[in-house]
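Visitor: Residues per chain, in single letters:
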Amino acid sequence: MNTTISPAATKPEAPALAVVMDERRATRATPAKAVAEKLDFWYGTNHALKDINLTIPENQVTALIGPSGCGKSTFLRCFNRMHDLQADTRYAGSITLHPENVNLVGKGVDPIEVRMRIGMVFQKPNPFPKTVFENVAYGLRLRGVGNRTELAERVEKALRGAAIWDEVKDRLADSALALSGGQMQRLCIARALATEPELLLFDEPTSALDPIATAKIEELITELRQRITILIVTHNMQQAARVSDYTAFMYLGELVEVDATSKIFTNPSKKATEDYITGRYG
Amino acid sequence: MAAVMTLEEIRSDLAWRKNLDKVFVVVGLVILLSCLGLLALLFFDLVRDGASRFGWDFLTQFPSRKAERAGILSAWVGTTMIMFVTALVALPVGVAAAIYLEEYAPKNWITGIIEINVTNLAGVPSIVYGLLALGLFVYTFGLGQSVLSAGLTLALLILPIVIVATRESLRAVPKAIREAAYGLGATRWEVTKDHVLPYSTGGILTGLILGLSRAIGETAPIITIGALSFIAFLPPSPVTGEFPFLSLEWLRSEFTAMPIQIFNWVSRPDQAFQANAAAAAAILLAMTLGMNAVAIWIRYRFRKKINW
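These protein sequences, in sequence, are chains A and B. Count the first sequence with this note's numbering and you get residues 1 to 282, in order. Count the second sequence with this note's numbering and you get residues 1 to 308, in order.
Since the hints were made in silico from the structure, they are not lab data. Since the structure is predicted, the reported quantities are computational estimates derived from the model, not experimental observations. Beta carbons are placed, not taken as given, at the ideal position from N, Cα and C, and that holds for glycine. Where hints are given, some of them may not hold.
[To be verified] Listed next, with one range per pair, are the computed distances between beta-carbon atoms:
1) A220/B / A87/A: 41 to 51 angstroms
2) V25/B / G146/A: 54 to 64 angstroms
3) P99/A / P174/B: 28 to 38 angstroms
4) K305/B / A87/A: 29 to 39 angstroms
5) S180/A / D13/B: 43 to 53 angstroms
6) D13/B / E274/A: 48 to 58 angstroms
7) S180/A / A40/B: 38 to 48 angstroms
8) K193/B / A178/A: 16 to 26 angstroms
9) A178/A / A40/B: 33 to 43 angstroms
10) I113/B / E223/A: 53 to 63 angstroms
11) Y139/B / K107/A: 48 to 58 angstroms
[To be verified] Derived list of chain B stretches under chain A, where covered just means 3 residues or more per stretch with a C-beta under 8 angstroms from a C-beta of chain A:
12) 164-178
13) 193-202
[Unchecked claim] A few chain A residues that face chain B, going by a derived Cβ cut-off under 8 angstroms, partial list only:
14) M82
15) L85
16) A87
17) R115
18) F122
19) K124
20) N126
21) F128
22) P129
With these hints in hand, go ahead and build the complete structure from the sequences.
Guide: As C-alpha cells, this is what we get:
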C-alpha cells in the first residue's frame, strides 16, 4: 500500500482541486445509501436538529460543514444512535438505510443492531489500551469470529485497508497507546473497517492531528470511497473540498443547503452558505 | 495610558508575593513532617518496648500465662483467615454494587438515595456493625462466633470503601473509550466486561487493599461478635490430607485476632505483658503499612500500563 503523501494532498493548489472535482461530478448518479427525512432531534427540551432532509449517495463521500454548535456532529451521531447512550434524548422523522429500508432512528430498531452495521471514527483517536491486534479484532470478536486464522486474516485486511499495515505489522502485540496520534487514528479506522460496515461515519477525524497525519487520513478517505459510503463532519472547509463529493451546510440545527461539493464551493445558491464558505462567520 | 506599575514597583511587589509563596512551603513542610514524625515515633517506641520479644518464637507460639512464653500464632493466623474471608466477600459484592450504580442504575431519586447512603455507611461507627453482625450473622443465621462471622462483619464494614473506590476508578475510564466500544456494537455488559472493568482493575484492587488495611485493625466489631482473647489452638487447616483436600471447617472455628490479642495483653497488670503488646502492635502496624505498600505498587503498575 502506498503511504507516501502525494503533493496534491499536502498542497491543494487551485487547478488540481478543480480537476478532482470535475472528475467527481461525472460519478454523481449513484443510488441512495441512506435518506434522512423530516429528522428532528431533541436533547431534553433543546431542539438540536430541525427538519433535516438529506440523501447520502452510495460509495460517495458526503461532508457536513457548518459553524460550531450547528448540529453537524449531532446529526452524524443519529446515524449510529450514539445519542441513545444518553438519557432524555428523542428522535422524530426517519433515516432510512437502503437497501433494506430500515429506519435507523425508528422506535422498534435496536441501537446495537444499527451500530453493528454502521461504523464510526471519532474526533480524538480512541484506541483501547490493548494490543494493536486486539483493537482491530474486537469488533470481530463481538460478532463471534473466534477462529485464529480468520481473525488474523481479517485484521491484516483491515490494517491494509487503513494504510497502516506496513507500520504496525511487526508491532501487532504492542500496546496501541505506543503509536503516534496519526497512527492511532488510522488504527481506529482499521478497527471500524474490520467489521465491514455499510456506512462509515467520521466525526472531525483529523482535528487532533498534525498536517502530515491529516493528509494521510484524507488520502485514505479518498481511497475508501471506492467501496464504502462515507459521511464526514469537518470544521475544515479545505478538507471538505478535498475529500468530499457532496457537501451539506448546516446552521442552527437546520440543513441550509446540500449539493455537489464543487457547486457548494464555487456557486452556492444560498446566501448563508456563501457567507460561511467565504469566512464571514463561523 | 501609563502602565499600572513601574518596573521598580513590579520588582518590589513580586519579591513580597514570592515570599508569601515560601512561607506556605515552610508551613506545609512543618505540618507534614510533624505528622510523619509522630507516626515514626510511635512505631519506634513500639519496636523499642517490644524489642525483647521479636523472634521466631513470638510468631509460632500460642498465648500463655507466662509473658515470656506467650506468642501471637493464633492471633495472626486468625487475622489472616478473617482478612481472606473479608476480601473474598467484599470484592465481588462491592464491585458488583459499584458497576450497577455507575453503569446501569437509572439517574433518579431512588439511585440518589442509595448513593448517599453508601457514602454515609462509611461513617457508621464500627461497633454498630458489630451489633448488627451479632444479631444477624451470629444468632439469626446461626453462624456462631466464628471466622466466617468475623469475615462477613468486616466485609460489611469495608463495603462502602470498596464501592466508592470502584466507582471512582470506573468513572475514570474516558467516555471516548466507552463510545469506541459501543460504536462497534457492544452491549452494556460487553463494554463493562471487556473494557471498563479491565481498565479499572488497578483502582479497584487499591480500594480493596485500603479497605482491608482498615479492617485489619478493627477491634470493636469482632469483640462484639465474640472473638476470644485466649486461644491455644489453631482453626482446622483449610488443606487436608484426604480427598477433596480442601476443608471449610476453619470457617466455623472460634478465633482471635491481632487487635484482640494486643488489647488483652495491654489490659493486664503484669508489666512483662506490655512488651508483648508493643511487639504485637509493631507487627500489626507493619502488616498495615505492608498492605498499603502493595496497594501503591499495584496502582503504579497499572498506571504505567494504561495512561489516558
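Visitor: Which numbered hints turn out to be false for this structure?
Guide: Of the numbered hints given earlier, the structure breaks none, since each of them holds.
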